[in-house]
Amino acid sequence: MFSALLFLSPWLIGFVVFTAWPMIYSAYLSLTDYDVINSPEFVGFANYAQMAADPKVLIALGNTVYFTALQVPLYVVVSLALALLLDRAGRASGFFRTLFFLPKMTPPVAVGVLFLLLFNGQNGLINSVLGWFGIDGPAWTTDPAWVKPGLVFMSLWTVGASVIILLAALRNVPTELYESAKLDGAGFWRQSFSITVPMISPALFFVIIVNTIAGLQTFDEAYTAFFGAGNTTYSNDAALFYVIYLFQQAFEYLHMGYASALAWGLFLVIMIVTAVQLVVSRRLVYYEGDR
1 MFSALLFLSP
11 WLIGFVVFTA
21 WPMIYSAYLS
31 LTDYDVINSP
41 EFVGFANYAQ
51 MAADPKVLIA
61 LGNTVYFTAL
71 QVPLYVVVSL
81 ALALLLDRAG
91 RASGFFRTLF
101 FLPKMTPPVA
111 VGVLFLLLFN
121 GQNGLINSVL
131 GWFGIDGPAW
141 TTDPAWVKPG
151 LVFMSLWTVG
161 ASVIILLAAL
171 RNVPTELYES
181 AKLDGAGFWR
191 QSFSITVPMI
201 SPALFFVIIV
211 NTIAGLQTFD
221 EAYTAFFGAG
231 NTTYSNDAAL
241 FYVIYLFQQA
251 FEYLHMGYAS
261 ALAWGLFLVI
271 MIVTAVQLVV
281 SRRLVYYEGD
291 R
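Numbering (full-length UniProt numbering), first residue to last: 1 to 291.
Be a bit skeptical, because a hint or two may be false.
[As the list claims (entries may be wrong)] Pairwise CB distance ranges, derived in the manner of DEER restraints:
#1 Leu284 / Asp35: 27 to 35 Å
#2 Ser39 / Phe18: 41 to 49 Å
#3 Pro107 / Leu254: 46 to 54 Å
#4 Arg283 / Pro55: 34 to 42 Å
#5 Gln50 / Gly131: 42 to 50 Å
#6 Ser201 / Leu117: 33 to 41 Å
#7 Leu254 / Phe206: 34 to 42 Å
#8 Val197 / Ser39: 50 to 58 Å
It should be emphasised that the hints constitute simulated quantities derived from the structure, not laboratory data.
Bear in mind the structure is a predicted one, so any value in this text is a computation, not a measurement.
Positions of the beta carbon are idealized from the N, C-alpha and C atoms, including for glycine.
Given only the sequences and the hints, what does the whole structure look like? Please build it.
Put into C-alpha cells, the structure is as follows:
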C-alpha cells in the first residue's frame with residue numbers, strides 16, 4: 001500500500017495543489033466580495049443572484065453555446081473525413097498524419113492573430129479566394145452574424161489530434177467485416193454507416209465529449225482576435241464568450257468573487273451537458289464487450 005501511494009504521490013500532490021484546493025477555494029470565493037487588494041467579505045449567494053440578473057451572462061453563454069453547437073459537428077465530420085483519407089493513404093499516412101497534427105502545436109495567440117489576417121473582410125486571404133469564384137465574402141471580423149462562424153472555420157486548423165484518435169479507431173476495425181459486407185454487395189456508404197461508424201463509435205463519442213467541453217471553454221483565439229491589448233476597434237458582443245467575460249470580471253475589473261461564481265456556473269453547465277451526452281451514448285455507442 002505504501003509503495004503504491006509513493007508512486008502515486010506526484011500525481012496526488014499535483015491534484016491537491018493545482019486542482020482540488022483551487023476548486024475548494026474558488027467555491028469559497030464565490031460566496032464573497034473579493035477584489036484581490038482587500039480581504040474577502042462574505043456575501044452569501046449574492047454573486048449567484050447577480051449572475052441571474054446580469055444580461056452579459058446570458059449573452060456570453062448564448063454565444064458560447066451557439067459556437068459549440070456549430071463547431072463540434074463540423075469538427076467531428078472534418079476529422080472523420082481526414083481520418084478516412086489517411087486510412088487509405090498507405091505508406092504516406094505517417095507523413096500526412098504528422099502534417100495534420102502540426103497545426104495543433106501552434107500557440108492559440110498565434111491562431112488568433114492568423115484569424116485576423118486570413119478573415120479580414122477587405123484584404124484577407126479567405127475573401128480573396130472567394131473573389132476568384134465571384135463570391136463577395138462577408139466581413140468576418142466586424143459583422144456580428146459572421147464572427148462566430150469565422151471562429152468556427154478557424155478552429156478547424158487544429159483538428160489534427162481528433163484525426164489521430166479516429167485514425168487509430170479505424171485501424172482497429174476488423175477487416176473481415178468489410179470483406180463480408182462486400183460479398184453481400186454493400187457499397188462504401190452502406191459499409192460506412194453499418195460497420196465503420198458503429199465500430200468507431202466509442203472514439204467518436206470521446207472526440208465529441210472532449211470537443212464539447214473545449215468549445216464551452218473557448219477563450220484564447222477569440223480573446224486575442226477581439227479583446228486583446230491594443231484592440232479598441234471592436235465594440236459589439238458577438239465574440240463575447242463565457243470564459244472571456246469571466247476573465248474580464250476576474251482580471252480586468254478584479255471582481256474575483258463574482259468571477260468564481262461564474263466559473264462554478266460554467267462547471268454546472270458542462271456537467272449537465274456531459275451527463276446528457278453520457279445518457280444518450282448508452283443507445284448510440286457500441287462497445288465490443290456489449291451483448
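Against the structure, the hints:
1. Leu284 / Asp35: 27 to 35 Å: violated, 47 Å
2. Ser39 / Phe18: 41 to 49 Å: With Cβ atoms ~24 Å apart, the hint is violated.
3. Pro107 / Leu254: 46 to 54 Å: violated, 27 Å
4. Arg283 / Pro55: 34 to 42 Å: holds, 38 Å
5. Gln50 / Gly131: 42 to 50 Å: holds, 47 Å
6. Ser201 / Leu117: 33 to 41 Å: holds, 38 Å
7. Leu254 / Phe206: 34 to 42 Å: Holds: the Cβ-Cβ distance is about 38 Å, inside 34 to 42 Å.
8. Val197 / Ser39: 50 to 58 Å: holds, 56 Å
Hints 1, 2, 3, counting from the list given before, are not met by this structure.
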